[in-house]
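Note that the protein sequences, when read in sequence, are chains A and B. Going by our numbering, the first residue of the first sequence is number 8, and it counts up by one from there. Going by our numbering, the first residue of the second sequence is number 8, and it counts up by one from there.
Because the hints were derived from the structure by calculation, they are not lab data. Check before you lean on any hint, since a few could be wrong.
Same chains, same names: a pair is fine if it fits in one copy or spans any two.
[Unchecked claim] Listed next, the in silico DSS-like pairs over lysine-lysine satisfying Cα-Cα at most 27 Å (straight line):
no., residue 1, residue 2
1, Lys49, Lys117
2, Lys33, Lys143
3, Lys143, Lys68
4, Lys181, Lys257
5, Lys17, Lys49
6, Lys18, Lys117
7, Lys117, Lys33
8, Lys258, Lys330
Computed from a prediction, not measured in an experiment: that's the story for all the values here.
There are 2 protein chains.
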Amino acid sequence: MKPTIKDVAKKANVSISTVSRVINQKGYVHEDTRVIIDKAIKDLGFVPNQLARSLTNRSSKIIAVIVPHIGPYFYGELLESIESQAQANGYKIMFFNVQDDPERELEYIKFFEQYNIEGIIIASNFQNASKLDEMKVPIITVDHILDENIPSITADSVKAGELAARRLIQGGSKNLAIFRGPSFLMTTKERTLGFKKEIKSHNIHAEIFDFDLVNPDAKLIEQVLRANPQIDGIFAYSDTLALVISSILKKLGRRIPEDVQIIGYDNTPFCSWINPPLTTIAQPISLLGKQAFLNLTRLIRGVELPTLHEVMDVELIERNSTK
Amino acid sequence: MKPTIKDVAKKANVSISTVSRVINQKGYVHEDTRVIIDKAIKDLGFVPNQLARSLTNRSSKIIAVIVPHIGPYFYGELLESIESQAQANGYKIMFFNVQDDPERELEYIKFFEQYNIEGIIIASNFQNASKLDEMKVPIITVDHILDENIPSITADSVKAGELAARRLIQGGSKNLAIFRGPSFLMTTKERTLGFKKEIKSHNIHAEIFDFDLVNPDAKLIEQVLRANPQIDGIFAYSDTLALVISSILKKLGRRIPEDVQIIGYDNTPFCSWINPPLTTIAQPISLLGKQAFLNLTRLIRGVELPTLHEVMDVELIERNSTK
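One chain only, chain A, in its complex shape (with noise of 0.2 Å):
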């Protein structure tokens, strides 16, 4: 049997109410009562149980991360910078896949105010945003703008689709084309917007196609490549997708970057080693974690953030998919 604190009251023939005192440093206690009790519980090896002083105390020392997916590099790279800021820190991290089902969202909602979570960051596009005004503890979104007064952490897409548009034309491309995510995520539009705004410059027009950056659909690239042979250049919103867009290039007999130049999105390990290693955008993916949490936790401490919406720098990585 695990002993309890009625077990270390009777071995310091105190009452319970005097041990959850001393364990909760709260309230008055006699120092040679402290010491009686002290070493009661470290006879015992008595743990208290946190789950009761997180009652007690309002702090469960938890916060939950909400992702939408855990595969794609970017989400493991953010994951792990989060938790290890949080272990510095003594916090410690719950994390939900909401795998974008509103229902589940909802469900968690609930789940963070039954157990004290202390604050959450949301690294999804969450689509009951209008429930989170109700929630009592503070809230930061990550690579999302869920409500102009939710803090949030972000890179600068706009920028990485100026970058990425200035660096195509300037490898001589004519003909250029955004393959993209989902059109209805910030991030897509953000990246179109800056490309497109970079282009009108130079009177040069874009294609637009969608595709599912995690799994991309490599037929229906090809279908597209095919249809489209004037293509000369090519943005791609994952580095995922622009390996398997050079991988049908190549197998339609079209050399990269001579006939087709590509640019991709993440900064992903792999994009040294494929033939030709991949010119890419690169987000400060562990500066955004880190400082997510940051933020979340001066929240948390009820200190007030300097810039309510931060903005992160992109960098754009020259390799040899670009002339």
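Starting from the known structure of chain A, fit chain B onto it as the hints suggest.
Leaving out everything else, chain B in the frame of chain A:
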């Protein structure tokens, strides 16, 4: 202010303990009283505090999952499959990233006791394995066997080694090499064992080189390949490592599979899209996660497992990096 159990008791004109009996579905409450209390709960929008309930019920509906990393494909897939199975069964997941740090392991063990975690899935090479004996909750290990008394789910790494060796020999390789991960890992040992067993029966020898599977040292790999030009068949213990090796071999002017055959490990999605597409070993990652969760909940319910150490089958996926 959030409504409390007190508010419910006041509104329903009953004692707090009566409300508690209704919430926890324990003990007798007259049906009429139950209806009144249910209405008060609904009218006030009261949410029972799960922390308090789990104190009473000793059931937190939370399980912990310990992983050494999140980034690599294997762990992302594994976490996703455990989480989705947990969700379907009303459980929530807390995940912990030990980063091979024994200190963090000890801290987590303490945390699990404090929070009434109901069970633990360990997918890392837990260094404080002896401490696990003292844990009061069920434990399952995945991808590792830490103790003969702790139930485990693993893939058949010995067979994986055999399959790889047989395929390289069948393709005509005479000078084999293993590019493996940390030699202290059980999976590394077993793959090597199976590989050696198979080549021994063909009187073929293999050189063994140790690398970091997640961030392979490309310079070191190049040195090894330059110093051993006789190598014509390679078994790499991760697809990422195989990809880096392929890239360096091409740089050295060697053709795959004509001059050197390569087999990877994990069946990462990029295998189909690199040049040449990579022959690899597929583990049933999603099934490993699902079965680990199912067996853990069996143990939580006190049901005996049919097999203490369950071994799942592996498969050789043929692509074009073998002849």
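Status of each hint after checking the structure:
1. Only between protomers do Lys49 and Lys117 lie at most 27 Å apart by alpha-carbon distance; the minimum there is 14 Å, versus 37 Å within a single protomer.
2. Taking CA atoms no more than 27 Å apart as the test, Lys33 paired with Lys143 passes inside one copy only; the shortest distance there is 25 Å, against 29 Å between copies.
3. In this assembly of identical chains, Lys143 and Lys68 lie within 27 Å of each other by CA distance both inside one copy and across copies; the values are 15 Å within and 23 Å between.
4. For the homomeric pair Lys181 and Lys257, the shortest alpha-carbon distance inside one copy (20 Å) is at most 27 Å, but the shortest distance between copies (32 Å) is not.
5. For the identical chains of this complex, Lys17 and Lys49 are intra-copy neighbours only, at 14 Å inside a copy versus 41 Å across copies, given an alpha-carbon limit of 27 Å.
6. Taking CA atoms no more than 27 Å apart as the test, Lys18 paired with Lys117 passes between copies only; the shortest distance there is 23 Å, against 40 Å inside one copy.
7. In the homo-oligomer, the alpha carbons of Lys117 and Lys33 lie at most 27 Å apart only across protomers (22 Å), although the nearest pairing inside one protomer, at 30 Å, exceeds that limit.
8. In this assembly of identical chains, the alpha carbons of Lys258 and Lys330 lie at most 27 Å apart whether taken from the same copy (20 Å) or from different copies (20 Å).
The structure agrees with every numbered hint stated previously.
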